[in-house]
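**Q** Protein sequence lines correspond, in order, to chains A and B.
If you read the first sequence in the working numbering, its first letter stands for residue 9, the second for the next number, and so on.
If you read the second sequence in the working numbering, its first letter stands for residue 90, the second for the next number, and so on.
Treat the hints with care, since some could be wrong.
Stated by the list, open to error - With a cut-off of at most 20 Å between alpha-carbon atoms, the simulated PhoX-like pairs for lysine-lysine come out as follows: (1) B:LYS106 with A:LYS85; (2) A:LYS16 with B:LYS175; (3) B:LYS265 with A:LYS85; (4) B:LYS105 with B:LYS175.
Said to hold, decoys possible - To spell it out: a stretch of chain A is covered by chain B in this simulated footprint if at least three of its residues, at any positions, have a beta carbon under 8 Å from a beta carbon of chain B; those stretches are: (5) 10-24; (6) 50-63.
Since the hints were derived computationally from the structure, they do not count as laboratory data.
This one's a predicted model, so the numbers in the text were calculated from it and none came from an experiment.
Just so it is clear, CB atoms sit at the ideal spot from N, CA and C, and this is done for glycine as well.
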Amino acid sequence: MKCEELLKALNDYIDGDIDPAICEGFEEHLAGCNPCQIVIDNIRQTIRLYRDGQPYDLPAEFHQRLRSMLRQRWQEKFGGPGGERRVES
Amino acid sequence: MTRIDDPDAELVRRAKKGDFSAFEELVARHERRLYNIAVGIVRHAQDAQEVVQTTFLSVLEHLDRFREDASFGTWISRIATNHALKVLRQRRSRPTVPLETQSNGDSAPLPHPDYIARWRDNPERLAQDRETRRLLAEALEELDEKYRLVFVLRDIEQLSTRETAEVLGITEANVKVRLLRARLMLRERLTRALGDEATRVSPGHDHA
Numbered sequence: 009m010k011c012e013e014l015l016k017a018l019n020d021y022i023d024g025d026i027d028p029a030i031c032e033g034f035e036e037h038l039a040g041c042n043p044c045q046i047v048i049d050n051i052r053q054t055i056r057l058y059r060d061g062q063p064y065d066l067p068a069e070f071h072q073r074l075r076s077m078l079r080q081r082w083q084e085k086f087g088g089p090g091g092e093r094r095v096e097s
Numbered sequence: 090m091t092r093i094d095d096p097d098a099e100l101v102r103r104a105k106k107g108d109f110s111a112f113e114e115l116v117a118r119h120e121r122r123l124y125n126i127a128v129g130i131v132r133h134a135q136d137a138q139e140v141v142q143t144t145f146l147s148v149l150e151h152l153d154r155f156r157e158d159a160s161f162g163t164w165i166s167r168i169a170t171n172h173a174l175k176v177l178r179q180r181r182s183r184p185t186v187p188l189e190t191q192s193n194g195d196s197a198p199l200p201h202p203d204y205i206a207r208w209r210d211n212p213e214r215l216a217q218d219r220e221t222r223r224l225l226a227e228a229l230e231e232l233d234e235k236y237r238l239v240f241v242l243r244d245i246e247q248l249s250t251r252e253t254a255e256v257l258g259i260t261e262a263n264v265k266v267r268l269l270r271a272r273l274m275l276r277e278r279l280t281r282a283l284g285d286e287a288t289r290v291s292p293g294h295d296h297a
């Protein structure tokens with residue numbers, strides 16, 4: 009396997025979705041190819057960072073507005089001063 | 090089927106019985122994550138806020154219908170994704186916004202890794218860093234929509250290839266190639282900022 013082929017099969021390898029025969033060639037290549045190892049690591053780190061990083065902060069003002077809007081709707085729908093929902097048993 | 094491993098199960102049970110504080114706690118747990126999914130799709134803060142608001146209103150209305158055959162978090166992510174995609178489609182129906190070009194470039198040569206270096210820190214620690222989070226936002230916003238959507242749905246929201254294809258109305262082959270491009274482009278951008286120069290290696294290697 010060459011670096012170019014590895015690049016094409018890279019997603020399947022990262023997602024654990026790879027044909028075992030191709031996987032063998034892939035790992036053989038990786039063992040002897042430092043740049044490809046780093047690229048694979050970088051991509052895994054990229055994915056993890058996006059999952060954990062949550063780059064966008066929720067605006068504080070929106071956070072409050074959402075709360076009071078949901079509380080109001082809950083009360084309209086289920087009644088009760090504290091928004092307690094009446095459950096029929 | 091009930092998922093016993095859903096960390097939200099107890100709160101969901103209480104909310105279904107009418108406990109508003111349990112519902113509020115569910116909102117607190119998930120609002121930021123949903124907002125991030127929404128911004129990733131619509132790329133606009135105001136629209137993303139509307140998506141989050143509509144999602145939680147919809148959850149409030151339909152909590153009874155949540156059958157727990159997926160986790161609560163997955164269920165509400167799907168609702169948010171559908172709302173966000175609806176916003177995108179509405180934008181497209183306006184004449185000023187061009188439709189995605191039909192020659193979609195998916196068959197063009199892959200972008201090759203150029204800056205190759207180990208990162209100077211691990212993702213868990215980097216995720217706490219404000220500068221890094223800004224970098225993540227910028228890099229994602231620079232991606233073309235077709236790559237951005239696939240990356241958000243597949244890698245952030247963790248939909249399957251098939252689900253992503255269905256939601257976006259494209260083929261699974263398109264999903265795969267777009268995801269590969271998105272990952273390669275983001276890797277390049279992030280590694281240039283987060284890479285440790287001392288570990289940098291040349292991409293110009295050539296062996297069998």
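**Q** With reference to the structure, classify each hint as holding or not holding.
**A** Against the structure, the hints come out as follows:
{"no.": "1", "hint": "B:LYS106 with A:LYS85", "verdict": "holds, 13 Å"}
{"no.": "2", "hint": "A:LYS16 with B:LYS175", "verdict": "violated, 32 Å"}
{"no.": "3", "hint": "B:LYS265 with A:LYS85", "verdict": "violated, 44 Å"}
{"no.": "4", "hint": "B:LYS105 with B:LYS175", "verdict": "violated, 28 Å"}
{"no.": "5", "hint": "10-24", "verdict": "holds (count 7)"}
{"no.": "6", "hint": "50-63", "verdict": "holds (count 13)"}
Violated hints for the displayed structure, listed by number in ascending order: 2, 3 and 4.
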